[in-house]
Structure formats: structure tokens, C-alpha cells
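**Q** Residue numbers (our numbering), protein chains in the order written: chain L, 1 to 142; chain C, 143 to 767.
FYI, nobody ran anything at the bench for these hints, they're computed from the structure.
There could be a bad hint or two in this list.
Heads up, simulated BS3-like pairs for lysine-lysine below, C-alpha to C-alpha not over 30 angstroms straight-line [said to hold, decoys possible]:
no.	chain 1	residue 1	chain 2	residue 2
1	C	K410	L	K7
2	C	K647	L	K90
3	L	K90	C	K673
4	C	K693	L	K71
5	L	K90	L	K75
6	C	K647	C	K172
7	L	K7	C	K339
All of these numbers come straight from a predicted model, not from anything done at the bench.
One-letter residues, chain by chain:
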Amino acid sequence: MLNIKVKNRLSIFIGLSVISILIIIFIFKVLEDNVLYFYSPSEINNQNDVIFKKDIRIGGMIKNGSIQSNKNEIKFIVTDFKNEIIVSYKGTVPALFAEGKGAVVEGKLRDKKYFVAKRILAKHDENYMPPEIKETLEKNAR
Amino acid sequence: MLGDLGIIFVSTALLISLALIYFSLHEVKKSNNVIPKNIYNFSLFQLTFSLLSFIVLLIGYIFSDFSIINVYENSHTTKPLFYKISGTWGNHEGSLLLWINILVLFSSLFLFINKNKNKKFKIFTLLFQNLLIVIFFIFLLTNSNPFSTIYPVPNEGMGLNPILQDPALAIHPPLLYIGFVGSSIYFSAALSALVSKIDAKSLATSIKPWILVSWFFQTVGILAGSIWAYYELGWGGYWFWDPVENSSLMPWFVMTALLHSILVLERKIGLYSWVIILSILTFTMSVTGTFLVRSGILNSVHTFANDPSRGLFILTFLILMVFSSIFIFFKYAPTENKNYRILSKEFFILTNNWFMIFFLAVVLIGTLYPIFLDTLTGTKISVGPPYYNFILAPFLIPLLFLMTSGPKHKWISSKIKNFFNVVLFLSIFLFLIAFFLIKENSLLLNLILFFSIYLIIQTLFDLYDDLKSRIINLSRIISHLGFGLLIFFISINHIFSQENNFNLKPGETKETDNYVIKFENLEKFSDSNYKSIIGHFKILNKKKLFKENLKPEIRIYNKPMTVTYEASINSRFFSDTYLTMSNISNSDIFNIKFQKKPFMNFIWLSVLLISLGGLINFFNRKKSI
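Generate coordinates for the entire structure from the input sequences, incorporating the hints supplied.
**A** Below, the structure written as C-alpha cells:
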């Protein structure tokens, strides 16, 4: 025995819930298409279905003695001490970018050993290591 | 010595807060309608001692008293005085003390200034606010004590991270904190309104000024952070959709929603429960932001140190707060019956709220989803600008349109006015001019441009109409105009930004399509707290034959030893020229990023205009009702 008022409220409530759920599904759909995945060089090496078309992030340490600059670009090697990837990049580097330090690069893979970076992520503190890199390095140390 | 004094002041303030809670509980049971003198006195004492503790820390920083660990870890004798002062809140412990001071300040101000005569409402607000204060005092004393001492006393401090030594960033935290923490008072007032069952009008008039104040400071605080990111981080962007930035934006969305729905509540048309939910949500978002920023799950300049216990404390507090708010809400749920007509001002205000909640959902999901995914499955992802741009940009179009047409409607019920009017035709005309100048292909961008022009023109016409009829809603007009301009200039900036990346040796020249960039020479420079290399660049605009000089710097700060790259920005009326250089491993090749960023100053001004609207409304409150 629902009176009209309660019925109205109920239908508004159900209507709003349905709309909210649809919106959230929509948000997640867009999210899925636009996320950047993070990999270590070893993960790239071991994976069969590597993503070439979309932007990804790769993190590791910059190999000692690997940085080279010429007229157009900077090249360096990102390593997790098991596998390596050569990274090519144009532009300025963050202040704490140096050999032997950690770095995260964003861009596209050309092949499993060659990466074209659009962006090198800034770190703000010399003692800070991105959690992703720390974890990968700990995994490899075991 | 100073450290002990600080602890004494903090502990006294804590005891007074506990006393206030005790008195409030006692007072609630009484039936008379007068708040006793001693509550006012205690509130004043509480404010005094809490301010004194902050002043003690400030003195510690100004006179470099390294017996306090906090000063030792974050300051240095050679630092300029201004940054010694800003160092006080440039770290976790100090900023927590500032946080508490604002809680206490708002608690006292609400008690003293608020004209509401309902005793129960005021006492309950005081009670809830002081519960918050006590919890944060305990957190400060047990986990993050800024007054901990060190022995033997070090001779020299460790210094402040150089990228924080910046005027915009020095004022950014206090501004944002007034916004963030300011929302606590209407959180307390909302809970109190439920318990004391006050009517819609008194709730609205009691919390409106506080919403305006916190919203204004939140807006300006976000602006300061954005300007800082623009010239200090050296990428030439001003908004990165970084989780930390999102943390400040999320409460802003809810505050904006609240700012609009309070107008409906003020006129007793409805939305009582909704305003209460929004008030609770605003402070919840502020604490969520604090949790994200302080717990160390995010990689950012705001993460002072990774200490899981802090995150755990804030998270526990957050969960407790949300659940007790929900409990109070349902226990005392207000009843209201109201039918909304589709064509009325309140309906359009409500649509504003839907948009704000949708934006909030988008940003909240984008910020939290990677964290959940990592915790649950270990998959690491990050969500960047493409997601936000893709999902938010299309929704700007209906939002802009509703902002154009909504405010013209009357309260309760209204009719559609003539849609095809001079404003629309003028907007189409101006848009066509812009279209032929810009030659942009993207339909989405064109639509956004058109609707932002439409909003700007309509708002200017509204201003003209208002001036004629002498009833001016200046705050709405200025804020909406600011928003229209903001979207317009962001779009133009997006379309016309240019970027070139290349490497150069000193003495070399690089030619791009429109510019000739000559790297003339290097100069060495040194200051009290850093040494630097300055690059001298000459930029020639090929079309306009216009020359400018830019001097980017590479700075090496001594305490702590840190390298920073300082962008050189030549900011002119219509366009910024932006150049950064970096150098790896002391080679003679320098990496150059050269950018043209049109209308940057207009973007900053638009945001200032938006915030100005809030300020005008604050000072105009009495006249507007």
C-alpha cells in the first residue's frame, strides 16, 4: 500500500541510482582507455603481448656511463640490473636526472629494447625513489 | 627551551579544548537560551594558547633555534628571512600546527561573530569543532610533534628544499589551508544543525560566510600552486592532473556546489538535507586530500617524508568521521517535501550541483583507482591528462550553456525567454571572426570556444541590464564572466602553444619554423645560498622581426645540495616566451626546451576574477537578501 508520494520518491530514487550507475560505468570505460601502464625493463622483456601503440611508463635506474647527448636528442639506458632498455628523448631533463639514479620515462616502445620518451618524470627530492622502482629493484635483488 | 615552551602551550590548548567539550556537553542539557561567559572565555584562551604555540615555532625558525628537530631538519642560517618564515609550514609537523590553528581560529570566530541566537546550534557546533581540534592536537603531540628537541644542539640546519623557496609556494599552503580547514566549521555546523533541528534560513545564513571565505581561499590557493608549477617545474604547463593537484580540486568542486545550493536554502525553497550532505562531503574531501598527500602513497613535492603511521592515523580518522557523520545524519534525518519545477532558478542551481558532483566523481575515480588497483592486484597504472581532458571537455559545453541561460530565470517558476536574441547573434558573429582567425579543425574545441564566447557576452549583457535596473548581482556576474574567460583562454592557449626541444652548445644557433634561437654564452653567478650558471639566449621572431633575451639558469643550492633548473619566462601582454635549459653530467651540450605560451596572464586573471566574485559576495551579504 504505497501512497503516491512514496511511489514518486521511489521512482526518483531508482531513476537517480540508474543514472549514477551508468555514469560510473561510463567513467570507468573512459578510464580504461586512457590509463598509462607501468613496466620495468624485465617485465617488457618477459611479456609477449607488449604494447607498442599506446603510451606506457618505464622505470628503473639510469645505467652508469650510458648517457649520450648529440645535436638532437639524449640517449640513455634504463636498467633494473637484469634487463635494459635504450631510451631516446628530446627536451630538458628534470633536475635530479643523473647516472646511477632512478628515473621514470613516459612514451612509446619501438621494440623491446628501444623506447622513445616524451617525458621524463620529475622527482622532487634526491633521497626519494619512486615506489615502483624501489619495488622492482627489491624484487630483482632477491 | 623554546621547544618546551611550545609543548606547554600546545598541551594547555589541548586541555582547554577538552574543557570546552565538557562545558558544551554540560550546557546542552540546560534549557536556558544564554551561552555562559566562561565558554566565550575558554574559547578565547584556547585561541591565545594555540596561536602562542605557533608563534613559538615561528620564533624558532626566525632565530634558527636548532635545538628543535623540526627547525634543524628544515631550515638553515643562510636562508633569506622570508623563507625561514615560510619554512614553518613547509614541513609536515609545522603545517599540522597551522592546520590546528585554523581549526581553532574558525571555532572561536564562529562562536563570537555568528549572529544566530539559537544556543543549542552554537553549542553543538562548538562541540563538534572541538572534537576535531582535540583529535588533531593528540595527533600532533603523539605522532608529529614540531617541538621535539635534539641534544647536542647542531650548529647548522639541513636546509629547505630549494624548489620550495619561492614566493608563490610560500603563500600557497596557508591559502589552501584556510580553504581546506575552513570547511571544517560548516561540517561542524551541519552536524549541529541536524542535532539541534534549526530551520533552513538560519542554517543558510550561519554557514554562508564561511563557505564564501573557504571557497575564496581555496580558489586563490589553487591559483598560487598553479602559477608556481608553471614557472618552477619547467615544463611550461600549469595544470598536470597530478593526484596532489586533484586533492585540492576535489573539495573545490563540492564547495562550489555548496555555494550554489546555499542560495536555494536561503530562500527556504528546499535542499536542506542536500546542503548538509555537501557540507559533510566538503570536509571529507579535504581530509581525503590531506590523507593522499601526507600518507606518502603519492610521489610529490608535498610528501614530506614517508611515514605510514601518519597515513594510518588520518585514514582511521577519516573512516570514523565519515561513519559517525552518516550515523548522525540518519539518526536526525530532517524531513522535507518540495516539488521542483523544471523551469526555475533553483532547478538550474541544482544542475550546477549535478555537474560539480560529476566532476568530483571523475576526478575522485581518476585519483583513487590507481591506488586501489595497486593495493588489490599490484598492477601499476597512472591516470594522466588524456583521461581528464577526454571526459571533462565535452561536459563543459552543457555547463557553459546552462551558466549562460540559467541565471536569467526567476525563483520558483519561470518561462523560457526569447532564445534568438541579439546576444546569440553577436556571439555567433564573434565566434565566426575567431574561427577564421584560429582555423581550428576540432569540432569539440570550436563548440567550447563558441559557448564560452556566448557565456561571456551574455554575462556582459546581464551586467548592463542589472546596471539599468540597479539590482546588481555583481558576484555572480564576475565569477561567471571569469569562468567563461578562463575556458576561452585555456582553449586558445591549448591551440596556439608551441614547443621545440633540441640540444645546443654555447655559441650555436637553432632555427625553427618561426624563431631563431641563439645560445650566446654562459655566465657564472653566485648568491648566499646558491651558485648558478646563467645561459644567455637571443630569440628572434622571424615574422615580426621581434627580439627578446632570455636567461635560464642552472642553480646549485648549497643547503641541501640540490640542482634546480630555473625557467626563464618573458611574460608579455598576449604571450609568454618560455625557455628552460638543462645539462647532464657536465657535458658542453645543453638540452633546451623552448615554448610560446599565449594568454598565460589572461588565464591567471580569469581565475582571480572567479575568486573575486566570492569576495564581493562576502562583503555584500547584507544587501543581497
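**Q** The structure should be examined with respect to each hint, and the outcome stated for every one.
**A** Hints, one by one, checked against the model:
1. C:K410 - L:K7: It holds: about 25 angstroms lies between the C-alpha atoms, which stays within 30 angstroms.
2. C:K647 - L:K90: holds, 15 angstroms
3. L:K90 - C:K673: Distance ~27 angstroms between L:K90 and C:K673 Cα, so the pair holds.
4. C:K693 - L:K71: Roughly 21 angstroms separates the two Cα atoms, so the pair holds.
5. L:K90 - L:K75: With a Cα-Cα distance of about 9 angstroms, the restraint between L:K90 and L:K75 holds, given a limit of 30 angstroms.
6. C:K647 - C:K172: violated, 80 angstroms
7. L:K7 - C:K339: holds, 27 angstroms
Consistency note: the structure conflicts with earlier hint 6 alone.
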